[in-house]
Amino acid sequence: MTWDIGRREALAAIGGSLLLGNAARAETPQSGGTLNVGLVNDAKTYDPIYSVEFSERVVLYLVFNTLVKYAPDFSIRPELAKSWETSPDGKRIVFTLQDGVTFHDGTPFNADAVKWNIEKRLDPAVQSPQRNLLAPIIASIEILDPQRVAFNLTQPSPGIFSLLGDRPGFMVSPTAWQKLGKDFGGQPVGTGAFKFKEWVRGSQVTLEKSPNYWEKGLPYLDRIMVRDLAGSVVGLQRLLTGEIDYVGELTPSDIVPLERRTDIVLAPIKVGRWYFLQWHVNAAPFDNAKLRLAFAHAIDRGRINDITMRGKGTVSNGPTPEGLWWYDPSIRSFDYDPAKAKALLTEAGYPNGFDAVLATPQVTMFQQLDQLLQEQLAAVGIRLTLPPVAASEWYSKVVNGTTNMTPSRWTQRADPDGLLTILFDSKGFANTMKYSNPQVDALLQQARTTYDIPTRKRLYTEVQQMIVNDLPMMPLIFSAEYGALRSNVRGFEWIPDQIPRFREVWKA
Amino acid sequence: MIRPGLIIGPLAIATTMIVAILAPEISPHSPYRSSVDMLALPSPAHLLGTDDLGRDIASRVIYGARTSLTIGFGATIVAMAIGIPLGLTAGYIRGRVDTVLVALIDLFIALPGLVLALIITVMVGPTLRNLVLVLGFVMWPPIARLVRGQALAVRETVFVEAARAIGGSRAWIIRRHVWPNILPVVASQFAVSVSFAIFTSASLSFLGLGIPAPTADWGGMVRSGYDYLAINPLMSLAPGAAVTFTVMGFYVFGASFK
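Chain order of the listed sequences is A and B. In terms of my numbering, the first sequence has 144 at position 144, counting the first letter as 1, and numbering is strictly consecutive. In my numbering, each residue's number is its place in the second sequence (first place is 1) plus 1000.
You may find that some hints are simply not true.
What the hints assert, rightly or not - Pairwise CB distance ranges (calculated):
hint	chain 1	residue 1	chain 2	residue 2	range
1	A	G106	B	L1237	54 to 64 angstroms
2	A	D42	B	R1129	31 to 41 angstroms
3	A	D42	B	V1124	23 to 33 angstroms
Because the hints were derived from the structure by calculation, they are not lab data. For every residue, glycine included, the Cβ atom is placed at its ideal position computed from N, Cα and C.
Only chain A is shown next, with the shape it has when bound in the complex (with noise of 0.2 angstroms):
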């Protein structure tokens, strides 16, 4: 059975009951056997507190817990904190934690250990790269009971619980971690489904079952391989043949071969990546609003879906894509329109038109989108040359900034403040285009401190709104993008951040 769906039925299936999961329910889950994931790795390091590569996180959702958990709408479950509580004025959080928790190591998980983990995070010494997230926000930890932790935070804070569910979540041995000094990037401890058994670097990582894992009947799998992949289109063959059992990051194209299959099931990703033109709005020629204007009048965004998605992506009009709450509808770029655009050239300055450098990233989705730019461009009028950048090269330079215009992706955080703080406020650290609107930087500060939902989302729609209009990007579209799997592969589910999470998988 293939699920090649559309765009639209893989939304409805959001917070509904789940497409895989649909067929697994028929069945009752099985356990034992081996699951072979193949992953174009990157990792440097399994400990959490130092992580940072995206595919690193594959490995540490199975290894560790975290104290809470992504549903797959985003919204926070429990996990290793059961329950929690925040008082009124929102600045104090208290978490209650699961009963019985142990490391793998047998040190016991607790109150402890939670303030422990929170403050290596925080302690400067360690250089966690996730210092600069949590050291605004939190301002002590305390041990009430074993079981019972208290956040104070310097300011009511809802997109804690979202870093919660990500790395500064992960729990880690404190014994094992303090034992093993640098070592323990190559040999983890946590309290997941999984324990770390082997790392060959450049080739797979051995996970083997967890025998006295604390949520009832999990894990099913007896192992869990992690094998490096030069490629995703690599990886396909290698799934044809049966010798991995999981591929990611499939294109709309890579899977037209799949199409016919029924050894191969196929699982789309919920929310897209999302894809953006950027330029540095504050220095010329981009500081000129009408020149970019004209750029957002000259892209045909339907068109750049239709071919480099095949049409199963959407077209993005702002940061944030259908099927998150902090979606709007009414959030509007600017549509497609040629001869307006050649208008705004002529008013902008460039009466002949305008020359300008697009720079391409060795990355096939790059290459496609800044080819399909430059042809919508040139109808206008605007000249884009497009010199390749290394795909590895390519960040640093878009942060040192010798890197001007170029395309860009992201993929979305489990809230809104993780995505639109980081690139939008003056401060935030991946704001690149060099964007600084203090009305954005205030509704941002508003709405970070904001626990009613529907009041947070009505200032999210502001500040996106103001944003598109202020141009420091234009938006593309959000991508399609896909999972394959062995057809007796079962219970796999996709949370929006893309990271795929095996632990509740099983073979049939």
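Assemble chain B onto chain A, guided by the hints.
Just chain B now, with coordinates in the frame of chain A:
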């Protein structure tokens, strides 16, 4: 008996050149216009199908001949312009000049051409002009060595000795007596060098250091088609065959002189 290379070679070269010159007339479509008919298989409308952006592969292969020949001839002319004067000087004058030049030539020949081209291209950035210059720079040493060897042999012949005896200047002797005798070898090397330049630029493109998109460039097309081998293999195979055909043509032609 005529060597087959003298027939096959010129035929292949002429075909590529005619295709390059007539590209706008014989291309069924624009090589740059995208369409929503992506990765289509061959059909009467698109004889070789379409690529990942819905562009006509046949038209892109045809236009790619222009890029390849420009690089092939351009780089070879640059290499000859450096290699021939240096080789003649070293071979005819000999002495300390020769020792120094031979050391320099050997130094460059010891470095693999593709690796050297790769490093320089990364530094200067891949544009059509830079690629021509970089490949020319990488290709001059073998030419200089060949010319030097020939000059060495010719300078010992009786007619050169006679020219010297009647008081001919060095420049005159090189021009009138040495150069004409080396010309056939240089011509054969020219063809071999063009094939090397086309092949190396295709390799650079395949490694992501070719002419910037969207220029129709065979090496770059082979590379971008690699992801879609299972859907339309012609996206890689057609430009790959074009490279093979052209490189073979020049090489066979050059080699058949030797």
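Structure-based check of all given hints:
In this structure the supplied range 54 to 64 angstroms holds for A/G106 paired with B/L1237, their Cβ-Cβ distance being about 59 angstroms. For the pair A/D42 and B/R1129, the supplied restraint of 31 to 41 angstroms holds, since their beta-carbon distance comes to about 35 angstroms. Between A/D42 and B/V1124 the CB atoms are about 29 angstroms apart, so this pair conforms to the stated range of 23 to 33 angstroms.
Taken one by one, the earlier hints all hold for this structure without exception.
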